[in-house]
Amino acid sequence: MNALLNMKDQQLMLDGILNWLHTNISHFCTPDEKQYVGIHPEEIKPDITRKAFTELGLAIRFAQKSKKVSNHPIFIEIKDKWIKNIKDSSFFFDTKRRLRLFPHRTLAYATLKSLGINYEEVKYDLETVMSRNYMDRVERSAWDKLDMKYYTEIAQLPNEYPSYQRLFHDSILENLPSHSYAQNLDFYGLTHLVFHLSNFSENDMKLITKEKFDQIQEYIDATLSLCLIEQDWDLVQELLINQYCMRKTFTELDIFSANAIKDIQQPQGFIPGRHWVKNQHKEDYSSKEQHSFEDVYHPTILGLFLLILELKDTNE
1 MNALLNMKDQ QLMLDGILNW LHTNISHFCT PDEKQYVGIH PEEIKPDITR
51 KAFTELGLAI RFAQKSKKVS NHPIFIEIKD KWIKNIKDSS FFFDTKRRLR
101 LFPHRTLAYA TLKSLGINYE EVKYDLETVM SRNYMDRVER SAWDKLDMKY
151 YTEIAQLPNE YPSYQRLFHD SILENLPSHS YAQNLDFYGL THLVFHLSNF
201 SENDMKLITK EKFDQIQEYI DATLSLCLIE QDWDLVQELL INQYCMRKTF
251 TELDIFSANA IKDIQQPQGF IPGRHWVKNQ HKEDYSSKEQ HSFEDVYHPT
301 ILGLFLLILE LKDTNE
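Mapping to this note's numbering: the sequence shown position 69 is 69, numbers consecutive.
Quick caveat, the hints were computed from the structure, so don't treat them as lab data. Here the structure is a predicted model, which means the values were calculated and not measured. It is possible that some hints are incorrect.
[To be verified] No more than 30 Å apart at the CA atoms, straight line, and that leaves these computed lysine-lysine pairs for BS3-like:
no. : residue 1 : residue 2
1   : K68       : K145
2   : K67       : K81
3   : K96       : K45
4   : K34       : K84
5   : K123      : K145
6   : K8        : K96
7   : K248      : K262
8   : K8        : K81
9   : K45       : K84
10  : K145      : K212
11  : K68       : K8
12  : K206      : K67
13  : K262      : K81
14  : K113      : K145
15  : K145      : K248
16  : K96       : K123
17  : K68       : K113
18  : K312      : K68
19  : K113      : K84
20  : K84       : K96
[Unchecked claim] Computed spacing ranges between beta-carbons, pair by pair:
no. : residue 1 : residue 2 : range
21  : E218      : Y134      : 35 to 41 Å
22  : Y134      : M7        : 42 to 48 Å
23  : N6        : S90       : 42 to 48 Å
24  : A222      : T23       : 35 to 41 Å
25  : T23       : S225      : 29 to 35 Å
26  : K84       : D144      : 38 to 44 Å
27  : S141      : E211      : 31 to 37 Å
28  : Y36       : F256      : 43 to 49 Å
29  : N71       : N184      : 34 to 40 Å
30  : E218      : D170      : 19 to 25 Å
31  : M7        : S225      : 25 to 31 Å
32  : T314      : T251      : 17 to 23 Å
No residue lacks a Cβ here, since even glycine has one placed at the ideal position from N, Cα and C.
Turn these sequences into a full structure, and let the hints guide you.
Written out as structure tokens, the structure is:
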């Protein structure tokens, strides 16, 4: 498979992303869980910080597949601060009762496990929640079920979710929505299904999707073109990661899209989000330095995911 970026651009983009993540690491640090008193445990919801923290953790876990990323000195500092926040924030406090935080805690546990850090008590608590069938209390989409199946499996926790083949047949991949009425939520459903069915390219999607493979590939290509026109850099990157997941030989469209991401990366290192794109031409936005953490953290983490795939060790 050919690369999307040349080696120089890969390194420059990686350095920028890691510098931004390191500079803004305090925004990823979650609050002390023990301070939430007087609130019913099931009313404690994941906020943007918890979401960002666990998504960064997933990237840290994934980075173990690339020595060029995992051995980067700034990445090592980010990883160490991420681990430190687990302890400083009592991250796993009251796991068995704070059920809305279960997916995030499962992901964090999986990240720690991938780094050789074992929390047996946390494992027991997570298994207890699963055994009580909490995740089956409400009806869930195939996308949601697949996310949770993937999270529990990378955490090496038992689960009773349907097979990947069954979830594929129940998902929108079996009946792709027309682009004339599809919304961003549909596109995120598409990308996440491909991420997790393929285990980020580890599994052969042709074996899972069979006769639907070419149709799904064409749909990804068309959606990438649409999102590129709209300058939706978050979805453009998710779709480029999908191209890796599909084990595609990259086309001019893919390479052009990746270079557009490289060119839009800002001097501070972040990849712009939708709010930045929408407001960049306003007079009070002319410096292009104004951005919110919530708007740019996710596309920036996606940039790291994409580079991990670009720089993935070839001897695996």
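So, going through the hints one by one against the coordinates:
Proposed proximity of K68 and K145 is contradicted: the alpha carbons are some 33 Å apart, above 30 Å. Pair hint K67 plus K81 holds up; C-alpha atoms about 19 Å apart against a cutoff of 30 Å. Between K96 and K45 the CA atoms are separated by roughly 14 Å; this keeps the pair inside 30 Å, and the hint holds. With a C-alpha separation of about 16 Å, the suggested pairing of K34 with K84 holds against the 30 Å cut-off.
About 20 Å separates the Cα atoms of K123 and K145, which keeps this hinted pair within 30 Å; it holds. Between K8 and K96, the direct Cα distance comes to roughly 47 Å. Violation of the 30 Å bound is thereby established for this hinted pair. About 20 Å separates the Cα atoms of K248 and K262, which keeps this hinted pair within 30 Å; it holds. For the hint pairing K8 with K81, the CA-to-CA distance comes to about 28 Å; that is within 30 Å, so the pair holds.
Proximity of K45 to K84 is assessed by CA-CA distance (about 22 Å); at most 30 Å being required, the pair is judged to hold. A C-alpha spacing of about 21 Å is found between K145 and K212, which places the hinted pair at or below 30 Å, so the restraint holds. A threshold of 30 Å between alpha carbons decides the hint, and for K68 with K8 the separation of about 13 Å falls inside it, so the pair holds. Proposed proximity of K206 and K67 is supported: the alpha carbons are some 28 Å apart, at most 30 Å.
Only pairs whose Cα atoms come within 30 Å are accepted, and K262 paired with K81 is accepted, the gap being roughly 27 Å. The straight-line distance between the Cα atoms of K113 and K145 is roughly 22 Å, inside the 30 Å bound, and the hint therefore holds. Proximity of K145 to K248 is assessed by CA-CA distance (about 26 Å); at most 30 Å being required, the pair is judged to hold. About 11 Å separates the Cα atoms of K96 and K123, which keeps this hinted pair within 30 Å; it holds.
Of the pairs offered as hints, the one joining K68 and K113 holds, with about 21 Å between alpha carbons and a cut-off of 30 Å not exceeded. Under the criterion of a C-alpha separation no larger than 30 Å, the hint pairing K312 with K68 is consistent with the structure, at around 8 Å. Annotation: proposed proximity of K113 to K84 holds, straight-line Cα distance about 15 Å (limit 30 Å). For the hint pairing K84 with K96, the CA-to-CA distance comes to about 22 Å; that is within 30 Å, so the pair holds.
Between E218 and Y134 the beta carbon distance is about 39 Å. The supplied range of 35 to 41 Å therefore holds. Here the CB-CB span from Y134 to M7 is close to 47 Å, well matched to the stated 42 to 48 Å. Separated by about 45 Å at the C-beta atoms, N6 and S90 satisfy the suggested range of 42 to 48 Å. In this structure the hint that A222 and T23 lie 35 to 41 Å apart at CB holds, the actual value being about 37 Å.
For T23 and S225, the Cβ-Cβ distance of about 34 Å falls inside the hinted range of 29 to 35 Å, so the restraint holds. Taken as a hint, the range 38 to 44 Å is violated for the pair K84 and D144, whose Cβ atoms sit roughly 31 Å apart. Under the hint 31 to 37 Å, the C-beta atoms of S141 and E211, about 23 Å apart, miss the expected range. Checked against the hint of 43 to 49 Å, the pair Y36 and F256 passes, with Cβ atoms roughly 47 Å apart.
Between N71 and N184, the C-beta spacing of about 36 Å keeps the proposed range 34 to 40 Å intact. Under the hint 19 to 25 Å, the C-beta atoms of E218 and D170, about 21 Å apart, fit the expected range. Checking the proposed 25 to 31 Å range against M7 and S225 shows it holds: the Cβ atoms sit about 27 Å from each other. Between T314 and T251, the C-beta spacing of about 22 Å keeps the proposed range 17 to 23 Å intact.
Violation of the numbered hints given earlier is confined to hints 1, 6, 26 and 27; the remaining hints are satisfied by the structure.
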